[in-house]
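Mind docking chain B on chain A? Use the hints.
Chains as they are written, first to last, in the numbering used here: chain A, 1 to 289; chain B, 290 to 594.
It should be emphasised that the hints constitute simulated quantities derived from the structure, not laboratory data. Cβ coordinates follow ideal geometry from the N, Cα and C atoms, glycine included. Heads up, some of the hints might be wrong.
With a Cα cut of at most 20 Å, we get these calculated EDC-like pairs of lysine to aspartate or glutamate [as the list claims (entries may be wrong)]:
| # | chain 1 | residue 1 | chain 2 | residue 2 |
| --- | --- | --- | --- | --- |
| 1 | A | K256 | B | E575 |
| 2 | A | K256 | B | E342 |
| 3 | A | K243 | B | D323 |
| 4 | A | K110 | B | E343 |
| 5 | B | K485 | A | D261 |
| 6 | A | K163 | B | E583 |
| 7 | A | K243 | B | E583 |
| 8 | A | K79 | B | E452 |
| 9 | A | K243 | B | E346 |
| 10 | A | K109 | B | E355 |
| 11 | A | K256 | B | E343 |
| 12 | A | K265 | A | E275 |
| 13 | A | K256 | B | E346 |
| 14 | A | K163 | B | D534 |
| 15 | B | K511 | B | E575 |
| 16 | A | K243 | B | E464 |
| 17 | A | K163 | B | E452 |
| 18 | A | K109 | B | D358 |
| 19 | A | K285 | B | E583 |
| 20 | A | K110 | B | D358 |
| 21 | A | K243 | B | E405 |
| 22 | A | K163 | B | D584 |
| 23 | A | K256 | B | E452 |
| 24 | A | K243 | B | D563 |
| 25 | A | K243 | B | E575 |
| 26 | A | K243 | B | D442 |
| 27 | A | K110 | B | D323 |
| 28 | A | K243 | B | D394 |
| 29 | B | K485 | A | E275 |
| 30 | A | K110 | B | D394 |
| 31 | A | K109 | B | D323 |
| 32 | A | K243 | B | E342 |
Reference listing, derived: stretches of chain B covered by chain A, where coverage requires no fewer than 3 residues with Cβ under 8 Å from a Cβ of chain A [said to hold, decoys possible]:
| # | segment |
| --- | --- |
| 33 | 322 to 332 |
| 34 | 483 to 492 |
| 35 | 555 to 562 |
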Amino acid sequence: MSILVNKDTRLLVQGFTGSQATLHSEQSIEYGTNIVGGVTPGKGGQTHLGAPVFNSVHDAMEAVQPNASIIFVPAPFCKDSILEAADAGIKLIICITEGVPTLDMLIVKKRIDELGIQLIGPNCPGVITPGEAKLGIMPGSIHMAGSVGIISRSGTLTYEAVKQTTDLGLGQSTCVGIGGDPIPGTSFIDALKLFEADEQTKAIVMVGEIGGTAEEEAAEYIRDHVTKPVISYIAGQTAPAGKRMGHAGAIIAGGKGTAADKIKKLKECGVHIAENLLQIGAKAKEVLG
Amino acid sequence: MTYQTDTQGQLVNSILIEECTDIAQELYLSAVVDRGTQRIVFIGSSEGGVNIEEVAEKTPEKIIYEPIDPLTGPMPFQARKISKILGLNSEQSKEFSKMLPQLTDLFVTHDLTLLEINPLVITQGGKLHCLDAKINIDTNAIYRQPEIQEMHDPSQEDPRESEAAMHDLSYVSLEGNIGCMVNGAGLAMGTMDTIKYFGGAPANFLDVGGTATQERVSKAFKIILADPEVKVVLVNIFGGIVRCDLIAEGILAAIEEVGVSIPVVVRLEGNNADIGSTILAESGAEIVSLNNLEDAAIKAVELSK
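Chain A with its partners taken away, still in its complex shape (with noise of 0.2 Å):
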């Protein structure tokens, strides 16, 4: 098992014949991913990467049946796409796209929601399960399938975790990139509860970072209702109150948002805690015994 995305998982593209979209379809296609289709309104018709092109989603929806949406449509337009995959019926839209107005987000969250519908991002690499799918932009390589669910607010950053626990030898069921803006469409705790339900994951690691309180209210969840156990990084120990620090929701505003609030109240709620980012593996080591 695994959460959100596995063989069965049918893939539609929204941005398809973009560069991005071509470039990245490409490493998903061969990492086993199965496209079903794109669509660039106007190119309906076309083929690209062996894959049909449609003009909506709706279009598509009816010639591929897509059950999971991925978006790399430029930052303007992410709210109608989203609204689009939403309206058309998809339950998994991962929006991979940096720079959506916080604005168009809230009413985006209020939509999805009323609709059940799971959104991933915006601003994230993805989810992949390892052996499975891949829907992002996180390189497959590095990936194990294993025990480990890893969730993180960053790209990179989550790289490192993977990597380490592959490293290790445990590797990972899912990996999720929530994405590092103000308004996620999935927050910590619905991936928690995702992985909390999985069979395969025997222990979580949530990379977290300065900004908001997401990390605080995860750690309420985790004391109350996960029972596996969990390993936390917070990165931006160093950062300055004030500053934006390259994503939208890394910014320490009015002392709220700190790493030292974030990782005492982490470790008040029982989670495990890797000092430093080059620890995160081998404390899930640790931890797994």
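Here is chain B on its own, set in the frame of chain A:
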């Protein structure tokens, strides 16, 4: 210098002069995008002109948090709820019921993330008046705010940070002496933390982005080296989709182009990392190439002392 600037202070370029207001009472009103409720939330308090965090801590009953449903917008009953906490009389409450939708409209049409009116005053004549305000704008939405783009004043920013922003690099200057160049914001923060962990001090946060091309690496080197405090540069690249041998060549070309004269420690990981390291080792340039972040961070700290 104020508590909102760093220790260097900020140069004042323009001043707004307003008519003198006879203040009867100072109130607090703001709106933020709240991550918890995932709504625009209005925050009001009868205690204006002071540090609101302090009010929240000491007298939480004097503050109201009112989330706005994006579907309905602010409703009159919500204005009445806030008015009650602000302690407005019925005349002022009516005035406020008009003000609330206008403020929400301002917030939404300009893609704000914060609108703070502190203080909102009641004048001697009993009227409501917004005396001082501060707004934050969502940088992700600046593309659709041409009016606000025009107001942008680069002289109010760190020159290296604005230079970096022009090249789509995310850079924040810090006070240490180890220059950092990393791909990915999370890993960049993680690298800074690792430097600190081994007793060093990072000079900056710099995310070169997912695709570390030669051009971007060159620009990044230029920005890092413009800081005279920097004694060593630590490059940490987790090449996922991009091949590390290409990144290695990019780094070499950039070093040659920019003329780097201080030691550079490079850690390459991911696709073709071995080939990349070999290219760097055989180049004859003054580069220490290490495959593991721990060794690279320790080396950089050692060279910075």
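Hints versus structure:
1. A:K256 <-> B:E575: violated (42 Å)
2. A:K256 <-> B:E342: Within the cut-off at roughly 11 Å; holds.
3. A:K243 <-> B:D323: holds (18 Å)
4. A:K110 <-> B:E343: Answer violated: A:K110 to B:E343 is near 32 Å, above 20 Å.
5. B:K485 <-> A:D261: holds (18 Å)
6. A:K163 <-> B:E583: holds (14 Å)
7. A:K243 <-> B:E583: violated (26 Å)
8. A:K79 <-> B:E452: violated (30 Å)
9. A:K243 <-> B:E346: Distance of about 24 Å is beyond 20 Å: violated.
10. A:K109 <-> B:E355: holds (19 Å)
11. A:K256 <-> B:E343: holds (13 Å)
12. A:K265 <-> A:E275: Roughly 14 Å separates the two Cα atoms, so the pair holds.
13. A:K256 <-> B:E346: holds (13 Å)
14. A:K163 <-> B:D534: holds (19 Å)
15. B:K511 <-> B:E575: With a Cα-Cα distance of about 17 Å, the restraint between B:K511 and B:E575 holds, given a limit of 20 Å.
16. A:K243 <-> B:E464: Holds, at roughly 14 Å.
17. A:K163 <-> B:E452: violated (34 Å)
18. A:K109 <-> B:D358: Answer holds: A:K109 to B:D358 is near 12 Å, not above 20 Å.
19. A:K285 <-> B:E583: Within the cut-off at roughly 18 Å; holds.
20. A:K110 <-> B:D358: Status holds; Cα separation ~9 Å.
21. A:K243 <-> B:E405: holds (19 Å)
22. A:K163 <-> B:D584: Holds, at about 17 Å.
23. A:K256 <-> B:E452: Measuring from Cα to Cα gives roughly 29 Å; hence the hint is violated.
24. A:K243 <-> B:D563: violated (36 Å)
25. A:K243 <-> B:E575: violated (33 Å)
26. A:K243 <-> B:D442: holds (17 Å)
27. A:K110 <-> B:D323: holds (14 Å)
28. A:K243 <-> B:D394: violated (27 Å)
29. B:K485 <-> A:E275: Within the cut-off at roughly 12 Å; holds.
30. A:K110 <-> B:D394: With a Cα-Cα distance of about 19 Å, the restraint between A:K110 and B:D394 holds, given a limit of 20 Å.
31. A:K109 <-> B:D323: holds (13 Å)
32. A:K243 <-> B:E342: The hint holds at about 19 Å.
33. 322 to 332: Holds, because 6 residues of the segment 322 to 332 of chain B bring their Cβ atoms closer than 8 Å to Cβ atoms of chain A.
34. 483 to 492: holds (count 5)
35. 555 to 562: This one holds; 3 residues, not fewer than the three required, reach chain A with a Cβ under 8 Å.
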